[in-house]
Structure formats: C-alpha cells, structure tokens
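There are 2 protein chains.
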Amino acid sequence: MEHLNEKQRLEEWKKIQTALVNEQIDQFRAEFLEMHPYDQAKIFEEQDEEIRFLIYTYLSPEEMAEVMENVDFELVSTFITEMVPAYAAKVLEDMSTDDAVDILNELDKNKVASFLTIMEKEEAEEIKELLHYEEKTAGSIMTTEFVVIQETMTVKEAMRHLRKEAPEAETIYYLYVIDVDKKLVGVISLRDLIIAEGDFLILDVMSERVVSVPVGEDQEDIARMMRDYDFLALPVVDFQNHLLGIITVDDIMDVMEEEANDDYSKLAGISELEKEGETAFSSAKKRLPWLVILLFLGMFTASIIGRFEETLDKVALLAVFIPLIAGMAGNTGTQALAVAVRNISTGDSGKRSNFSIIKQEAKTGLITGTICGILITLIIAFWYEDIYLGILVGLSIMATLIVATTAGAFVPLIMHRLKIDPAVASGPFITTLNDIISILIYFGLATAFMNFLI
Amino acid sequence: MEHLNEKQRLEEWKKIQTALVNEQIDQFRAEFLEMHPYDQAKIFEEQDEEIRFLIYTYLSPEEMAEVMENVDFELVSTFITEMVPAYAAKVLEDMSTDDAVDILNELDKNKVASFLTIMEKEEAEEIKELLHYEEKTAGSIMTTEFVVIQETMTVKEAMRHLRKEAPEAETIYYLYVIDVDKKLVGVISLRDLIIAEGDFLILDVMSERVVSVPVGEDQEDIARMMRDYDFLALPVVDFQNHLLGIITVDDIMDVMEEEANDDYSKLAGISELEKEGETAFSSAKKRLPWLVILLFLGMFTASIIGRFEETLDKVALLAVFIPLIAGMAGNTGTQALAVAVRNISTGDSGKRSNFSIIKQEAKTGLITGTICGILITLIIAFWYEDIYLGILVGLSIMATLIVATTAGAFVPLIMHRLKIDPAVASGPFITTLNDIISILIYFGLATAFMNFLI
Chain A
1 MEHLNEKQRL
11 EEWKKIQTAL
21 VNEQIDQFRA
31 EFLEMHPYDQ
41 AKIFEEQDEE
51 IRFLIYTYLS
61 PEEMAEVMEN
71 VDFELVSTFI
81 TEMVPAYAAK
91 VLEDMSTDDA
101 VDILNELDKN
111 KVASFLTIME
121 KEEAEEIKEL
131 LHYEEKTAGS
141 IMTTEFVVIQ
151 ETMTVKEAMR
161 HLRKEAPEAE
171 TIYYLYVIDV
181 DKKLVGVISL
191 RDLIIAEGDF
201 LILDVMSERV
211 VSVPVGEDQE
221 DIARMMRDYD
231 FLALPVVDFQ
241 NHLLGIITVD
251 DIMDVMEEEA
261 NDDYSKLAGI
271 SELEKEGETA
281 FSSAKKRLPW
291 LVILLFLGMF
301 TASIIGRFEE
311 TLDKVALLAV
321 FIPLIAGMAG
331 NTGTQALAVA
341 VRNISTGDSG
351 KRSNFSIIKQ
361 EAKTGLITGT
371 ICGILITLII
381 AFWYEDIYLG
391 ILVGLSIMAT
401 LIVATTAGAF
411 VPLIMHRLKI
421 DPAVASGPFI
431 TTLNDIISIL
441 IYFGLATAFM
451 NFLI
Chain B
1 MEHLNEKQRL
11 EEWKKIQTAL
21 VNEQIDQFRA
31 EFLEMHPYDQ
41 AKIFEEQDEE
51 IRFLIYTYLS
61 PEEMAEVMEN
71 VDFELVSTFI
81 TEMVPAYAAK
91 VLEDMSTDDA
101 VDILNELDKN
111 KVASFLTIME
121 KEEAEEIKEL
131 LHYEEKTAGS
141 IMTTEFVVIQ
151 ETMTVKEAMR
161 HLRKEAPEAE
171 TIYYLYVIDV
181 DKKLVGVISL
191 RDLIIAEGDF
201 LILDVMSERV
211 VSVPVGEDQE
221 DIARMMRDYD
231 FLALPVVDFQ
241 NHLLGIITVD
251 DIMDVMEEEA
261 NDDYSKLAGI
271 SELEKEGETA
281 FSSAKKRLPW
291 LVILLFLGMF
301 TASIIGRFEE
311 TLDKVALLAV
321 FIPLIAGMAG
331 NTGTQALAVA
341 VRNISTGDSG
351 KRSNFSIIKQ
361 EAKTGLITGT
371 ICGILITLII
381 AFWYEDIYLG
391 ILVGLSIMAT
401 LIVATTAGAF
411 VPLIMHRLKI
421 DPAVASGPFI
431 TTLNDIISIL
441 IYFGLATAFM
451 NFLI
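Top line first, the protein sequences correspond to chains A and B.
Residue 1 is where the first sequence starts when you use full-length UniProt numbering, and the numbers rise one by one after that.
Residue 1 is where the second sequence starts when you use full-length UniProt numbering, and the numbers rise one by one after that.
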C-alpha cells in the first residue's frame, strides 16, 4: 500500500516487465499485487495492447476488477471491450456496482445487453436497476453494496452480521437500520456500535435522526451536504423511504473534483478540461467551438464600431483606448460572474433575493468605476494634455464598470432561476457581451461630445 | 441529525427563540442539542450579540466546542474573543486540536498566550506544537487525537484499547501501529480488525505497507493522494518516521474546496472569493487591486496603439477589428492557461517535459489559428468586399492565436518551475499580455502592408 512516485513506479515496473517478458507468472503476480490498486492501474494504463492481453491471462477477474476501478475513466471502456467477453463480464461483476454502472453507461447498448446476459443473475439485476438513474443524481453514484441491519437485532447480533458482510460492503462504518417494511429508520456508526453493550437492542442505541437523500438528488447538493455535515456515507432512499443504496465519501471527492473542474473550464471557455497526453488535434477540437462563436460575436462588435467610422475618422486617437475600455469591462464582468457562479454552486446564495444581490453588485461597480474613472481622467489629462479626452475616457470607464459588473452578476442569476446551469454564461460570453456594451458607451459618449474633442 | 433546509431551520429557530426569550433553559437545550452541529452553528451565526451571550451561559464548553467547529471560519475568532476567557479556553480545549489551532492562528499572540495559560496543560502542549507548523502543510491540518496501538498487542487487546479511546479520537476507522521506538510500522483498518481472530498479534494482521506523509507536505498534494487512493485518513510522520498526527477525509474535503476556489478566483482576477453577506465596499476592496493594475497595463496597450497613430489616421477602418483580435487573443490564452494551471494543480502534468507541453500548445494554436484565420478572411472579403483587409485580419488572427495559446501555457509552466504558484498568472494578466501581443502583430502587419490597404 505504498504510495509510489514516478521514479519508484518506473523501478517497480522494470521488475514487473522483466517478469512478463520471461513469462514468470508467479514473479509478476507477487510484484504487481503487492501494490496499491491505484498504482497497479497507473502501471497498467501505460502498457501496450500486447502486454495488456498477457496481463488479462495472469490476473483473476477479481484482481482485474480492482485495477479497473482505479484506471482513468476515459480509458476503461477501451479495456473492457478488448477483453474476452466472459472475462469482462466477470470483471464487471466483481467491481463495485456503482463503478460497473458508470462503465456500462459508456458502452453501446448491445454490448451492455450481452454482458448482462453472461453475468451472474443477481448482480445483473442490481446493475440493470442502477442503469435507469439519470446521470449526476444520487441514483447514478450510489452503490448497492452496504450493510443493513434490523432494528430488532441486538448489538451482538449486529456485530456478527457485520463480520459476515464486511468483505463485500463498500463501507461498514455506518450501519443503516431498517424496520420490517424495509424502511430506513435509523443509523448507527461502527464507533457507537463497538462501544455499546452487547445485549442492547439496535433500536435503543441507534440514532433515529438519520440524514438521507432522495434518489433523484443532484450530486452537487450531495457533495455540499457531505462536506458541511462531515459524513463518511449517506443513505439514498425512494419516496417511501425505502433504503436503495449508499453514497460514500470517496465517490463524493471525485464529484467535487469534477464539479470544480466544470465551473473552472466554463469560466475559461473550454468545453472540457483536457488531460495530459491528449493530441493537439483533440485539444483544438475542444477549444474551437468557443473560439468560432467568439469570432462571430467579435465580428458583431466590429460592425458596431464600424457604425462610428465617421467619429473615428475625425478623431483617430479614440481607437487608442478601445482595448483599455473593453478590457476593463471584460475583467470586471468576469470577476462578478465568478463570484456569482461560485456562490450559486456552493449554495452560498439563495438566502438573499436576486434584487439585493444585483443592487450590491451595482454598488460595487459604482465604487470601482468611480475610482478607476477618476484615475484614468487624471492620467490622460496629464499624459496627453487633453482634459476633455480624459473626461470622456474616465466617464466611459465609470459607466462601463457599473454596467459590466451588474451584467456579470445578473446573467448567471437569471440563468439559475431559469434552471439553466449558470456556469454556461461562461467567461468568454460575458467578456464579449461587455465588450459590446463598453464600446457602445464609449463611442456613444464620444459622438455626443465630438465638439470638445476636435 | 436531520439536514435542515432554510424553512425548517427558521421554524426550529422560532421554537428556540421563544425558549430563549422566556429563559427556559431546558426547553432551549432540548431543541438546540437535538440538531446536527452544522445546523446549530448556522442558527448560532445568525444571532446578535445579546442572544449569543445568553447561549454561552446555557451551553457547556464542550457543547459550544461542537458549535464552533462548524461555524463559518471567518466568524469564529470574533465569537471566541467575545467569550469570557476561561470559557473560551475550555471551548478551545474541547475542540479538535486541528480546529483549535486554526482559530488560534487567527488571533493575536497575547490572546493566544493567555488562552494557553488557562488551558489544561496537556492540551496546551499539543496545541503549542501544532502552532509551529506552516500554513497549508500536513502539520497545520493534522489532528493529534488518533488511536495508536502497539504491534505486540493482540487483536482482543487492541479492540479493548479502541473502545476506551473511541470517544476522544477523530477517527477510529484506521488504527496506526507503532513499535517500541514509537515509529510507525503498520496500519489496520477497523474493518480488518473486527474480522480478525482475537488471539492473533496485531503484528500478524496489520498491513506493513502504510502510506504516510511528511509533516511539511503541501495540503494540495495530500488531497490528491487521498482522492486517488480513496483513504479515509492519512498518518503524518516526522523525518524519523515517528507518528505525529493524522489527517482525516473531512478536513481534506475542505482543502479541496479551498484549493478549487483559489484556482477559480485567480482565473477570474479576484484576490479572494467573496461570501454572501459582504458589503459592496469590501467587495470593491477585493476587486480593485486587479482593476487598477489592469488600468495601467491598459494604458500601456493604449500607448502602443498610439505609436501606430499614423497608420490609423490613414485607415481608420483598422480600429474596427481591434476588439476582435484582442478578444480572440485573450480568450485563447485563457483557455491554454486554464488547462495548464489545472493540470499542474491536479498533478496531471509533470510526467512530460515543459518543452513537449509547449510544443503541443503551439500545434493546437496553429490548428485553431489556421481555421479561424481562413474563416475571418472569407467573411471580411465578402462582407467588406476587401480581400486585402481580409487577409490582413486573417493573418493577424492566425499569428495571434499561435502566440497567445503558447503564452497561455508557457507562463504558468515557467512559474511552476520557479516554484511560484502558477495560478498567480491569473486570467486578467494573460489576457492583457495577449492584448499587447495581438495589437503589435496586427498593427505591425498593417503598417507593413499599408500599400495594399489604401
């Protein structure tokens, strides 16, 4: 269970490689199985097809299941499909149900059907049920391998039951208690169970105030709950409070990572964060959609400036400040956007009305706008020795900052109320919107004050 | 332990409020203590000073400690300071050592010294030691309340020891095993312990391959490890492998949230994400530093365009495409930056050389640049019926995208090698840098091809 760094992994792999080339199965197994499954997976991923096929014959499906649970999610369907179907079905069977379901969701339907036919019936049924849940809900990330005890058991009986179930269960540190109707009625932590007297009934030692989540709950809300309440696992129930599965903290850490990456990449205007090892082509493919949209939005901005060509012809100097004003608008909008999106996604908003949030952003914009506006007026007045140009740019910056800050908060909030993911109003979108607003303000003011400028 | 939504919390609070006003201590305690500490904390936070002082007299320090562990970190030092010192010291004493240390780190030194004097000696010593560790390292987030067993104990003895220690320990689901020199030699999960035969020695049932982290390890690396290896806790050791403390998964979830917010706010150019409930003034204060820096950088951009005033005077139409080109440069740079920063912070980079990453980004820029360049050339050629202008803008976009994409990856990578947090090269910085580059390219080309444009 040692954590390996790159160098150690390389050395370890050399030993394993030698064993493979010389077909020393025992040697390979001894070295390989000694490692943490995460390291096994990292080493496995780096192999080419030929060696992977050798490894499939050297490891039992159960051992391979542990490897598959830890390989990069984008690679795992390739591996599963290249295995002999009977072996693949066994591997899927031995994985945690939730992980197996994640993989099957990536495969085509015929493939899934054939795997489910080969699989042991009970496991296949469990998987079939989980396959129905919508992505990113409690149902799709829960596992059905958990320990459940009856409220009428004694502590001693519960411990005995637990010992039997422990090897199969995903976690045993919370035990969920059901009544005769199989409804969730309580929870007891293993900590409390081992402290409790053996003859007591579970009913008397359990906590009745068990927190559960409905099967359709959004995974982001679950992550928030787990973080706030410091749970290691959460039970998932249907609308009649029947226990369906549990969600463990390790799955939630992956969700947190995923959701953070999601917000982050949308702020940057990428459809999906690229992984190390991607080709330039696939990177370009992920980034191009936004760039092309922005190109057209940019053309729109250009056509707006085009309408002020007359103004520009008279005072070419005006062009000099376009990037400054557009840039300030873009940046202040992104700041407001980031605060709004993150507060929505961490649940920090929602306590206040939209109106009060937007009023506050407008005030923030007023403060930053006034300060930046005065600053730029002074700089231009002294530098270009043109007080009127200074006032024009200063006023533009001030008006722009107020509008752009408000827009940065307004757009995601409205989207949130319309049940659209607010992060879709990504950075580049707000930036371009604010480009346009700022240019209209700037050239509008410039045209109005033209007499002072020439 | 029910999870309360806003409405439920309000109702609950009304009951509690009534009890407080009527000075019904028992009623208040019954209602309040029934809730999950997180909800207790949320309700407590919303009270004004007068009622908070009442609550301090109604709850024991131990009960208040649980509340304090869950209140918003930014508020907790206010609360601790307003308590009677003897009560506050007791509260700190009863909190998890790691949480108490976090709070004391926020207070001024005299205050800390006086608390430590009042505190129980043993607890004070533990805290004093933890106060020495640098922020954001293993030492600063670990707790010293863990269960440790001797390798020479039997399973039965270990279980007995565990039952005794369980109420105090932060987690009991991993038991760390030490030898006579108090060095960490193994680990056994509670799961394995309860399955093991009672007469076996711990030595024989423990795993010797225990993963530990050095006390100076960065918290971000620890979070990554915990996520990859699915641990619930990690032991922290000194350079001689003495067990110093443990880090539990609930603390790591907070670290993950913190680090994600950090990367995110830097991409958006805010020094720190603002919380709900902040005033417009404090929001403006957090955003202004970047805006002012950008104002000056923007002035620099303006002065560069100023140098091309002659070119602009001849062809005012050139100004029309400034936002388009600068915008494309900014956006493509932010995309590349986001990928690089996130890959560095999730540890996905580092396996490849800087050179190969930058080469790949340049290639990506070449592909996106060529496609966008051709597109814009065609659009301008048909729209403005000016093929030369089209070629000029197209070439500029192409060159800009190649350079800006490369710069977006180059800057954070260089910073990372220089041991500077790559996220410091935040979105606005890269955007402005790329503004300048793009304008130099655009006007440089325009000046060179001037003969074709007029």
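Incorrect hints may have been included.
The list makes no distinction among identical chains, and a pair is therefore deemed to hold if it is satisfied within one copy or across any two copies.
[Unchecked claim] No more than 35 Å apart at the CA atoms, straight line, and that leaves these computed lysine-lysine pairs for DSBU-like:
| no. | residue 1 | residue 2 |
| --- | --- | --- |
| 1 | Lys164 | Lys183 |
| 2 | Lys363 | Lys286 |
| 3 | Lys7 | Lys109 |
| 4 | Lys109 | Lys14 |
| 5 | Lys286 | Lys419 |
| 6 | Lys183 | Lys15 |
| 7 | Lys285 | Lys419 |
These are calculated hints, taken from the structure and not from any lab test.
Bear in mind that the values here come from a model prediction, so they are computed numbers and not experimental data.
Query raised in the report: Quick one: lysine 7 to lysine 109, C-alpha cut-off 35 Å, is that within a copy, between copies, both, or neither?
Result: Intra 41 Å, inter 44 Å, cutoff 35 Å: neither.
Report task. With 35 Å as the alpha-carbon cut-off, assign the pair lysine 286 and lysine 419 to within, between, both or neither. Result -> For lysine 286 and lysine 419, both the intra-copy (25 Å) and inter-copy (30 Å) Cα distances are at most 35 Å.
**Report entry** Intra- versus inter-copy proximity for lysine 419 and lysine 285 (alpha-carbon distance at most 35 Å)
**Finding:** Both. Shortest intra-copy (28 Å) and inter-copy (32 Å) distances satisfy the 35 Å Cα cut-off.
Query raised in the report: Given identical chains, is lysine 164 near lysine 183, meaning Cα to Cα at most 35 Å, within a copy, between copies, both, or neither?
Result: both (22 Å within a copy, 33 Å between copies)
Query - Intra- versus inter-copy proximity for lysine 15 and lysine 183 (alpha-carbon distance at most 35 Å) - result: between (52 Å within a copy, 29 Å between copies)
Query - Within, between, both or neither: lysine 109, lysine 14 at alpha-carbon 35 Å - result: Intra 39 Å, inter 54 Å, cutoff 35 Å: neither.
Requested in this report: Tell me, please, which holds for lysine 363 and lysine 286 at an alpha-carbon limit of 35 Å: within, between, both or neither?
Outcome: Answer is between: at 14 Å across copies they meet the 35 Å cutoff, but 37 Å inside does not.
The structure fails hints 3 and 4 (numbered hints given earlier, in ascending order).
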